[in-house]
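Student: Quick mapping for you: the protein sequence lines, in order, are chains A and B. First residue of the first sequence: 1, per the numbering used here; consecutive thereafter. First residue of the second sequence: 1, per the numbering used here; consecutive thereafter.
Hints are computed from structural coordinates only; laboratory data are not their basis. Even for Gly, the Cβ is constructed at its ideal location relative to N, Cα and C. One thing to keep in mind: the hints can contain errors.
Said to hold, decoys possible - Computed footprint of chain B on chain A; a stretch qualifies when at least three of its residues, placed anywhere within it, have a C-beta under 8 Å from a C-beta of chain B: (1) 168–176; (2) 385–396; (3) 434–444; (4) 459–467.
Each chain is listed here by its residues.
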Amino acid sequence: MNVDFAFFVDLFFHQFALWWVIIPSIFLGLVVGAIPGFSAANTIIVLLPFTFLMDVEVGLVFMIALYCSSRLGAGIPAILVNIPGTAGAAATPLDGYPMAKQGLGQRALSISFVSSIFGGLLTTIIALVTMPWLARVGFFMHSVEMVVVMLFGISLIASVAAKDTIKGFIAGFFGLMIGSIGADHVYATPRGTMGFLELYDGVPLIPALVGLFAISEAIMVIESGSFLSKDSVQTVRNASWSETIVGVKLTLRRWWHVTWTSLIGLVIGVIPGAGAAIASFVAYQQSRTFSKTPEAYGTGHVDGLIAPEAANNGVTAGTLIPLMVLGIPGGATAAIMMVVMQYQGVPTGPRLFMERPDLGYGVFMAMFVTYLLMSFTILPMSRYMSRVTLVSTTYMSPIIIAFTLVGSFVPREYMFDMYMAFAFGILGYIARKTGYHVAAILIGVILGPLLEQYMLRALKMSDGDAMVLFSSNLGNALWLVLVVTLVLPVWLNKRKTKGAS
Amino acid sequence: MQTKDAHLAETGQAPDKPNIAGELIIPVLGVLFTIYYIVTVLDSPWTAQVNAFMVGSLLILTALIFFIKKIHSLWGGVAILEISPLAVSNAMRSNQLRFTLLILAYLSVLEVIGFVLATVLFFFLSMCMLGAGRRPFLKLLIAIFMSLIGYVVFILMFQTRLPKGPVETILAGLV
Chain A
1 MNVDFAFFVD LFFHQFALWW VIIPSIFLGL VVGAIPGFSA ANTIIVLLPF TFLMDVEVGL
61 VFMIALYCSS RLGAGIPAIL VNIPGTAGAA ATPLDGYPMA KQGLGQRALS ISFVSSIFGG
121 LLTTIIALVT MPWLARVGFF MHSVEMVVVM LFGISLIASV AAKDTIKGFI AGFFGLMIGS
181 IGADHVYATP RGTMGFLELY DGVPLIPALV GLFAISEAIM VIESGSFLSK DSVQTVRNAS
241 WSETIVGVKL TLRRWWHVTW TSLIGLVIGV IPGAGAAIAS FVAYQQSRTF SKTPEAYGTG
301 HVDGLIAPEA ANNGVTAGTL IPLMVLGIPG GATAAIMMVV MQYQGVPTGP RLFMERPDLG
361 YGVFMAMFVT YLLMSFTILP MSRYMSRVTL VSTTYMSPII IAFTLVGSFV PREYMFDMYM
421 AFAFGILGYI ARKTGYHVAA ILIGVILGPL LEQYMLRALK MSDGDAMVLF SSNLGNALWL
481 VLVVTLVLPV WLNKRKTKGA S
Chain B
1 MQTKDAHLAE TGQAPDKPNI AGELIIPVLG VLFTIYYIVT VLDSPWTAQV NAFMVGSLLI
61 LTALIFFIKK IHSLWGGVAI LEISPLAVSN AMRSNQLRFT LLILAYLSVL EVIGFVLATV
121 LFFFLSMCML GAGRRPFLKL LIAIFMSLIG YVVFILMFQT RLPKGPVETI LAGLV
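Bound conformation, chain A alone (with noise of 0.2 Å):
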């Protein structure tokens, strides 16, 4: 079978035919993917005899669906009530939620499906055009790399702290110390557990992030009534279909920051075991770092919004790379995938693509389809969808805390999880009264174990020794790049003030 242009041709017009598996698949995606503890992972879980039985390039596809649309789907209620569906929308609320309080909800959706629409098509062609060279990606990120990507990623615990800088500090070294609850990677010490049993795997992260984003956000908005101000609800009243367009022409104007930062996320994700989460903090860092108006972040900003929302989506391209090429899942979902097509006969690897190129590139063909139908399904209801902001507090807080409890307690079932996610609830009640960032406790919650893993990991190989953290010359290019990122936007703003006086 020649691959050529007419072969992408000819599987575009053949993946487009599945549009009867895409659109409930990107409606359903939609749903698991708003409601904090749901992922596409488990929903496919529970899918999974469903997919044996269907024909494997329509199971296949009915999984990538969604998995893309779950992935849109979890910016939603991180814009409109400050409530990220997942760990990898985490950073979506620090600009969206802002616009959504001044009565731009629909606005800011808009801006969220777009970047997210536009980063997906977009490094899904990288991703057809570039899979080989990209999946070797993998092979150069060992440990020490990868300490320094995690660094990347809490370096947006300064960034965040911006206001004040010592809370946002504590913030963040709290989030570090919680995260490092649990058994030591090497020799599977307890370490702050306090005596239970189900800290033993480490703090759980959907607790912690329905705690500190949903049940203090609950708490906190019962205060007002409303999620909005009365000239907010005002501007959501009036708000007509212009409002979508405005955020599809001033997510399009910055076509060149929709697309380098989804290019982070489609690097990110080809690397196993980084994921989401860490491509969107980082892509809020860098994105803050060479703004010119860095101060603008967290208050709303367009860039704060695209820059999360486009890497998280370039992930999902990203993880399905070393799958495909190289036979090695790059996260669950892509783990999920690997068992179905292991148990319809197909195999992964290069092997796949010289027995089955249909079904290779069709994976990321099906990708490019999803995204290019979700252009025409969800962009549309962002003005539906804002006006859940409408709805007064006295019904959405106790739906909020009821169901995203639920959430909590679906990956591993357990009610102390449940009890978790109250703790934390009032962890972050407490956090938000008093001046401290809910989003510099979660950074550290969520990369905390997995800087420390991979800082192990590089210790151990060296005996102890500091100094492997600068052996690699990627390592330390990277080590340049993160003290360049760091110390540039001091410098800027030192010689913009020089400037202004």
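On the provided structure of chain A, position chain B as indicated by the hints.
Tutor: Here is chain B on its own, set in the frame of chain A:
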């Protein structure tokens, strides 16, 4: 609006001095947790200690700088540190505290009476409390409807093993 003099007469404090009591909660919690964490790893191998000493010392150092800053602002008279009985009693009467206690009650009864019944009760009671008891019938209908949606989505569709009670048993017989 309360005048400056009236405020002074009532509280004995100038109105523009911030109370730093609340701001101390997170760093104090952080330091206490770090000390506890370090105690749990004292006899562990170095691999278990790296994070505790690296991140923990950074947290303690940052918290110390914060405390020094706050003591300085107290010394300079630009801030106050007090736990006002009025603020505590206001907090006790606030909807937030009652709502928080309702959440805790919801979690406590969930395992005993099952997801659907506990959720109906939680929705109804919290909506009545937050809505000052207006339109209770509508709130009851919303509570039942939303709980049933939860049952269909979480238990029927996604097969989540949420705690079951009498309602789930009846519904399982019907479905």
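Student: Now look at each hint and say whether the structure bears it out.
Tutor: Status of each hint after checking the structure:
1. 168–176: It holds, with 6 qualifying residues against the three required.
2. 385–396: n = 4 at 8 Å, threshold three: holds.
3. 434–444: holds (count 3)
4. 459–467: holds (count 3)
In summary, the structure agrees with every hint in the numbered list given earlier.
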